[in-house]
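Single-letter residue listing:
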Amino acid sequence: MSGTFLDSTELVLNMGPQHPSTHGVLRVIVKLDGEKVTGTECVIGYLHRGVEKIGENRTYAMFAPYVDRMDYVAAVSNGLGYCLAVEKLLNVEAPPRAQVVRVILTELNRIASHLLWLGTHALDIGAITPLFYCMREREATLNIFEKYCGARLTTHAFRIGGLQYETYEGFEQECLAFCDMFLPKCDEYEELLTGNRIWVQRLRNVGVLNAEDCKAYGVTGPLLRAAGVKWDLRKAQPYSGYDKYDFEIPTCENGDSFDRYIIRMREMRQSVRIIRQAVADIPAGPIMAKVPKVIKPPVGEVYVSIEAPKGELGYYIVSDGSTQPYRVRVRPPSFVNLQSLDKMARGSLVADLVAVIGTIDIVLGEVDR
Amino acid sequence: MRKLLRRILLVDFLEGLRVTFRHQHPKKIVTMQYPAERPKVAERYRGAPRLNINPENGQTLCIACDLCALACPEALIVVGWERNPETKRKDLINFTYDTSRCMFCGLCEDACPVDALELTQDFELASYSREGAIFDRQVLEEGIQPTRYKF
Chain A
49 MSGTFLDSTE LVLNMGPQHP STHGVLRVIV KLDGEKVTGT ECVIGYLHRG
99 VEKIGENRTY AMFAPYVDRM DYVAAVSNGL GYCLAVEKLL NVEAPPRAQV
149 VRVILTELNR IASHLLWLGT HALDIGAITP LFYCMREREA TLNIFEKYCG
199 ARLTTHAFRI GGLQYETYEG FEQECLAFCD MFLPKCDEYE ELLTGNRIWV
249 QRLRNVGVLN AEDCKAYGVT GPLLRAAGVK WDLRKAQPYS GYDKYDFEIP
299 TCENGDSFDR YIIRMREMRQ SVRIIRQAVA DIPAGPIMAK VPKVIKPPVG
349 EVYVSIEAPK GELGYYIVSD GSTQPYRVRV RPPSFVNLQS LDKMARGSLV
399 ADLVAVIGTI DIVLGEVDR
Chain B
8 MRKLLRRILL VDFLEGLRVT FRHQHPKKIV TMQYPAERPK VAERYRGAPR
58 LNINPENGQT LCIACDLCAL ACPEALIVVG WERNPETKRK DLINFTYDTS
108 RCMFCGLCED ACPVDALELT QDFELASYSR EGAIFDRQVL EEGIQPTRYK
158 F
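Heads up: the sequence lines are chains A and B, in that order. Positions in the first sequence are counted from 1; adding 48 to them yields the numbering used here. Positions in the second sequence are counted from 1; adding 7 to them yields the numbering used here.
In short, the hints are calculated from the structure, not lab data. You may find that some hints are simply not true.
Over the 12 Å line for every Cβ pair with chain B, so calculated as not near, a few chain A residues [stated by the list, open to error]:
1) G93
2) A112
3) P113
4) D116
5) E187
6) K283
7) G348
8) D390
Where chain B lies over chain A, by a calculated footprint (3+ residues, C-beta under 8 Å) [to be verified]:
9) 130-144
10) 150-158
Backbone N, C-alpha and C fix where the C-beta goes; we use that ideal spot for every residue, glycine too.
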């Protein structure tokens with residue numbers, strides 16, 4: 049029986065690539081039954097720049113600025129992952145002082161990334177105010193980056209073997225001042241959003257992804273923790289001295305969009321906690337390990353992963369003994385997490401699709417590479 | 008009953024607005040009136056490149072060692088030099104820096120052994136033509152001259 053008044057035919061729609069809530073140039077082909085999403089398909093590659101191939105044609109040191117341009121919202125984390133991978137290949141370790149400064153900057157970058165996520169996600173949902181507040185606080189972290197390394201977004205802050213720049217005068221005080229300023233602001237965002245009935249109704253039970261599905265899709269980061277899996281690479285396989293710091297891994301149970309929001313809010317608070325501990329104890333000493341001028345790692349391959357703001361960020365580098373890597377493969381968290389979109393969006397409404405894309409926290413520069 | 012009253016009196020809505028209006032104080036304005044008011048960038052800011060000259064005798068500090076050109080990931084630096092038959096040293100003839108391809112990573116600056124090449128705090132790199140983005144030795148030594156408007 050068809051043709052009755054309430055029936056509707058299936059409709060295939062393009063969402064994106066110029067849709068503002070796809071956070072860049074993501075194109076989603078959506079199959080609709082009325083308002084209901086019956087299937088989605090992501091079309092990616094609009095921002096493909098061939099970063100992995102560029103890596104094969106550059107020396108190890110030269111490739112470092114390019115990795116910043118993948119997840120440009122969290123460039124410092126990208127740089128850390130790459131530097132750690134090449135350091136493992138070279139079998140050197142950054143000096144203690146460099147490691148602590150790296151942790152401080154990476155955590156500041158985690159806050160910056162989550163703030164941008166919160167602002168844009170709230171904007172997608174319809175809350176415009178948080179965007180301006182988040183941008184304002186993000187500015188404080190970007191100012192610290194600018195003072196430290198001279199760039200705000202694509203920082204190129206770390207070098208293979210340690211750091212290029214010594215911390216500037218007043219670095220510690222500025223980091224602490226940011227921490228003191230930031231926590232009340234965090235409460236303010238929660239005041240605006242957490243109890244807000246519109247916010248809760250738009251996010252509760254939207255885009256549910258349970259723990260089994262997360263593991264099946266290889267989803268990591270806040271999405272996995274929102275589903276109740278206590279997995280954070282900073283604890284699971286500590287790198288860069290993260291085992292010295294006392295912090296918690298926040299988890300929730302439901303795995304819906306609201307939980308992901310809660311997780312990210314709590315993670316920002318934990319980052320502040322790590323920054324406070326790290327700033328209190330920056331050891332003196334050199335900032336650069338003994339690394340040869342021309343980096344020529346021995347033949348071999350290495351995989352190093354770190355906990356980027358969006359999930360597990362891995363670098364797989366194959367060396368053939370020359371000055372250039374034979375292969376650089378990046379495991380980007382956004383790309384892997386995006387694959388779960390269909391699972392989450394199926395059966396929901398079109399408006400919920402926007403919320404789901406938002407809570408995955410994708411950066412298209414990283415998805416397309 | 009209480010829930011209904013909250014809903015009728017728009018309590019949640021007003022609570023949200025209270026936070027919004029708390030930020031209307033003029034002291035908290037962060038917007039900068041560029042170009043009337045120029046931002047002060049950090050000391051280590053990586054902006055337009057400059058080729059430093061010795062202030063005492065006006066000669067370039069560059070020793071034409073070509074290390075910056077070798078360090079550049081985009082290969083956008085071209086150093087032109089000539090061997091001086093008298094002093095047996097390299098003399099700098101020309102220096103081209105293509106800022107249209109530059110990503111300001113600072114690797115050239117790090118590679119320079121004599122602090123001749125430097126990324127400065129000048130950030131206004133716009134030009135009317137593509138050729139204007141390619142800096143030759145004269146532009147690099149004198150620095151960029153952005154238009155300053157009067158207000």
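Cross-check of the supplied hints:
Even its closest Cβ contact with chain B, about 22 Å, leaves A/G93 beyond 12 Å, as expected for a residue assigned away from the interface. The claim that A/A112 lies off the interface is violated: its Cβ sits roughly 8 Å from the closest Cβ of chain B, which falls inside the 12 Å cut-off. Separation of A/P113 from chain B is inadequate, the least Cβ-Cβ distance of about 4 Å not exceeding the 12 Å criterion. Some Cβ of chain B comes within 12 Å of the Cβ of A/D116; the nearest lies about 8 Å off, and the non-interface call is violated.
Distance check on A/E187: its Cβ comes as close as 7 Å (rounded) to a Cβ of chain B, failing to clear the 12 Å threshold; non-interface status is violated. For A/K283, the condition that its CB be more than 12 Å from all CB atoms of chain B holds, with the nearest at approximately 32 Å. At roughly 24 Å, the least C-beta separation between A/G348 and chain B is larger than 12 Å, which holds for a residue marked as non-interface. Consistency note on A/D390: stated as away from chain B, and its beta-carbon is indeed over 12 Å from all of that chain's, at 34 Å minimum.
Residues of the stretch 130-144 of chain A with a Cβ under 8 Å from some Cβ of chain B number 0, which does not satisfy the need for three, so the listed coverage is violated. Three residues within the 8 Å Cβ limit are the bar, and the stretch 150-158 of chain A against chain B gives 0, so the coverage statement is violated.
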